[in-house]
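Colleague: Following the hints, position chain V against chain Z.
For the protein sequence lines, the chains are Z and V, in the order given.
Residue 321 in the numbering used here sits at position 317 of the first sequence, and the numbers go up by one each step.
Residue 157 in the numbering used here sits at position 153 of the second sequence, and the numbers go up by one each step.
Hints are computed from structural coordinates only; laboratory data are not their basis.
One or more of the hints may lead you astray.
[As the list claims (entries may be wrong)] So, partial list: chain Z residues that the calculated Cβ filter (under 10 Å) puts toward chain V: (1) 53; (2) 67; (3) 75; (4) 76; (5) 295.
[What the hints assert, rightly or not] Here are some chain Z residues the structure puts well away from chain V; computed CB gaps all over 10 Å: (6) 47; (7) 52; (8) 68; (9) 187; (10) 207; (11) 305; (12) 313; (13) 342.
Since this is a predicted model, take the numbers as computed values, not measurements.
Positions of the beta carbon are idealized from the N, C-alpha and C atoms, including for glycine.
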Amino acid sequence: MNTLSPDIFAQCLEAVESGQATVERCVAQYPEYAAELEGILRTALALAPGPAVEPDAHFRSRGRSALLTAIALEHGVDERSAWRRFADSLIGKREASPVGRPRQAEMPIPVFFALAILVGGGSAAVSLAAEESLPGEPLYSLKSATEIVRLTLDPSAEGKAELQLVYATRRLDEMERMAGLGRTSRFQATAQRYADHLRQAEAFIADKPTSKVSNDLAMLRERISRRDLMLAELRSDVPASAQLALEEAISITQGIDAPPAPVVALAPSPAPSVAPAPAASEPIAPTPTPMAIAEAVQSLEELETTVTSLPSEPSPALATQHEALVVQVASAKEAVADGQPEAAANNLTVFASEIVLMQQSGNITTETFQALYKSYAKAASKVGATMAADGRANRTVPQPAPAPTAEPTDAGPPATTQTSPSARPTAVLPTPTPGSGDRGAHGGAD
Amino acid sequence: MALLNHAEQARALQAQDSEGLLIDRAVKGNAAAFASLYDLHLTRVFRYVYYQVGNRADAEDLTQQVFLQAWRAIHSFRRGNSPFVAWLLTVAHNAVVSFRRQHKDQTYIELEPQALARWGNPESEALGGCDRASVRRAILQLKDDQQQVILMRFVEQFDYPEVAAALGKSEGNVRVIQHRALSELRRLLAPEVHGA
Numbered sequence: 005m006n007t008l009s010p011d012i013f014a015q016c017l018e019a020v021e022s023g024q025a026t027v028e029r030c031v032a033q034y035p036e037y038a039a040e041l042e043g044i045l046r047t048a049l050a051l052a053p054g055p056a057v058e059p060d061a062h063f064r065s066r067g068r069s070a071l072l073t074a075i076a077l078e079h080g081v082d083e084r085s086a087w088r089r090f091a092d093s094l095i096g097k098r099e100a101s102p103v104g105r106p107r108q109a110e111m112p113i114p115v116f117f118a119l120a121i122l123v124g125g126g127s128a129a130v131s132l133a134a135e136e137s138l139p140g141e142p143l144y145s146l147k148s149a150t151e152i153v154r155l156t157l158d159p160s161a162e163g164k165a166e167l168q169l170v171y172a173t174r175r176l177d178e179m180e181r182m183a184g185l186g187r188t189s190r191f192q193a194t195a196q197r198y199a200d201h202l203r204q205a206e207a208f209i210a211d212k213p214t215s216k217v218s219n220d221l222a223m224l225r226e227r228i229s230r231r232d233l234m235l236a237e238l239r240s241d242v243p244a245s246a247q248l249a250l251e252e253a254i255s256i257t258q259g260i261d262a263p264p265a266p267v268v269a270l271a272p273s274p275a276p277s278v279a280p281a282p283a284a285s286e287p288i289a290p291t292p293t294p295m296a297i298a299e300a301v302q303s304l305e306e307l308e309t310t311v312t313s314l315p316s317e318p319s320p321a322l323a324t325q326h327e328a329l330v331v332q333v334a335s336a337k338e339a340v341a342d343g344q345p346e347a348a349a350n351n352l353t354v355f356a357s358e359i360v361l362m363q364q365s366g367n368i369t370t371e372t373f374q375a376l377y378k379s380y381a382k383a384a385s386k387v388g389a390t391m392a393a394d395g396r397a398n399r400t401v402p403q404p405a406p407a408p409t410a411e412p413t414d415a416g417p418p419a420t421t422q423t424s425p426s427a428r429p430t431a432v433l434p435t436p437t438p439g440s441g442d443r444g445a446h447g448g449a450d
Numbered sequence: 005m006a007l008l009n010h011a012e013q014a015r016a017l018q019a020q021d022s023e024g025l026l027i028d029r030a031v032k033g034n035a036a037a038f039a040s041l042y043d044l045h046l047t048r049v050f051r052y053v054y055y056q057v058g059n060r061a062d063a064e065d066l067t068q069q070v071f072l073q074a075w076r077a078i079h080s081f082r083r084g085n086s087p088f089v090a091w092l093l094t095v096a097h098n099a100v101v102s103f104r105r106q107h108k109d110q111t112y113i114e115l116e117p118q119a120l121a122r123w124g125n126p127e128s129e130a131l132g133g134c135d136r137a138s139v140r141r142a143i144l145q146l147k148d149d150q151q152q153v154i155l156m157r158f159v160e161q162f163d164y165p166e167v168a169a170a171l172g173k174s175e176g177n178v179r180v181i182q183h184r185a186l187s188e189l190r191r192l193l194a195p196e197v198h199g200a
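Only chain Z is shown next, with the shape it has when bound in the complex (with noise of 0.2 Å):
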């Protein structure tokens, strides 16, 4: 039987796309191939390019400003001015003198990203980006700040429980590609992590134990029971340095019902506690919907203000970037009054990445960008507020908290439900307290 060849196919279709000949010719001129030949240049030429979808204008500007602030955030940013930095560097001065630094902005860019996460969604490539982190790696302690937001933002219990499981798999997900790349140093502390996820939700199946939750659960169990044999397997892979620590990983994904197993110090990274703490936040007394909105538009007003008093550029291109600002915060009092608090916060996430883009470009001083993110984050704490009020009076919000003192470790946050108001920023949307460095946010290098 013959069989046509892919060449003698190709020389078939080129001739019919570009109408030199038919299917029907084709097929008279290699009769010992007809049927296979007709078959596949007939669905060949079924072939079509697919639906003409636009990505909508908000998404292009929006995605393009996340992207340029993860590449800042990725590749460092030297955060002198421009005119510093033309200055310095006539005096051969290449690097940022920590000393006599002029005074940048009290927000660095991730703090920015902190708030964008606390936005709710933010900048989507920044987050999705920070999802596919490891540890170790810069932006995992931004994928850690996320998920504990998320995890406070959920009004109900058993949204955290669901949160806790999606935590749990990635966690098991992080050590198998962890291993995989033989960075075992953090087996450890993610199988701990791993656990208290698994425990967090399991206590709440405790009380709801036919809740959809515990049918999630099953599912996840039946998933680990397969990782853990992948992560047995990883013995054979794993360098000798490393072998105690997948032990440990394997024994605490193995033993999830028992008590955590003693942790051996492999890595600088205290054991995460697992007891869930008393909520350290006080519910908000239900602010009237009304009023919240009528805030929270005033403080959109004087944002907008403070945006359109900008001394006007002579530089169309900056001139555009002006009006971009004024864009997004008249977009965001439209949303505000439609109801639609979500869809202003992504528009004052745009704001806030531009203006910090802006600052870093040396487009504005940094007297205009403090004016303007003071501004910003009064505006963004009362859209938070009509977000926090909107009707559910049960819903926990935390206090507003000053800004962390710690460095978050490899280990990340512990996976509890409740975070104390004095150890991270957890409000939806917190007024930074200048000159506060904000270091527990940082996005740096773990």
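Modeller: Same frame as chain Z, but now just chain V:
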């Protein structure tokens, strides 16, 4: 007409030169240049991803991921026979493959109704052919390498040298993969054609 063609060619060459400069700068670490490449190719990447995941939310997330991964890997891009966008689409394809592995319970995802309504061709179905949605479902069931060749050749309409350069394969290899893919598609679509 010749003058018009010449002008079009000149514009195309100018655009290529401009893109080439952007690529050179981006390879050297210029983020603003890479952002301009983002502006140039966002729609193409978005459509490529959207075709495979079928919904805007996932397509947006993945598209963002693609550009960030492309930035990280841009030092490995070599200007040659393959357009930069073809290289971007290989990054996109890998991102979609990873996405599908994380969503193994979904073998394919139907297009959103509004996109399907604008894109579908019910007249083809009426003539005994296959509607585009069926063809898309079949494409998404192919093996990864076959799917990638089919998408780049027929959906994105790159030629053999461009596909080969983007995938790091020979043109002959691309033709072989194409042939196998089309044979498999024919098999998958046979019930659709014959109404089985």
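Colleague: Are the hints correct? Go through all of them and say.
Modeller: For each hint, the structure was consulted:
1. 53: Nearest chain V Cβ about 6 Å off; hint holds.
2. 67: Given a least distance of 5 Å, the restraint on residue 67 of chain Z holds.
3. 75: With a closest approach of 5 Å, the residue 75 of chain Z hint holds.
4. 76: holds, 7 Å
5. 295: This hint is violated: residue 295 of chain Z lies away from chain V, its Cβ roughly 33 Å from the closest one there, beyond 10 Å.
6. 47: violated, 4 Å
7. 52: It is violated; residue 52 of chain Z is separated from chain V by about 6 Å at its closest Cβ, not greater than 10 Å.
8. 68: Per Cβ check, residue 68 of chain Z is inside 10 Å of chain V; nearest 6 Å; violated.
9. 187: Residue 187 of chain Z is indeed farther than 10 Å from all Cβ atoms of chain V, at 18 Å.
10. 207: Per Cβ check, residue 207 of chain Z is outside 10 Å of chain V; nearest 27 Å; holds.
11. 305: holds, 30 Å
12. 313: Holds, since 28 Å exceeds 10 Å.
13. 342: holds, 21 Å
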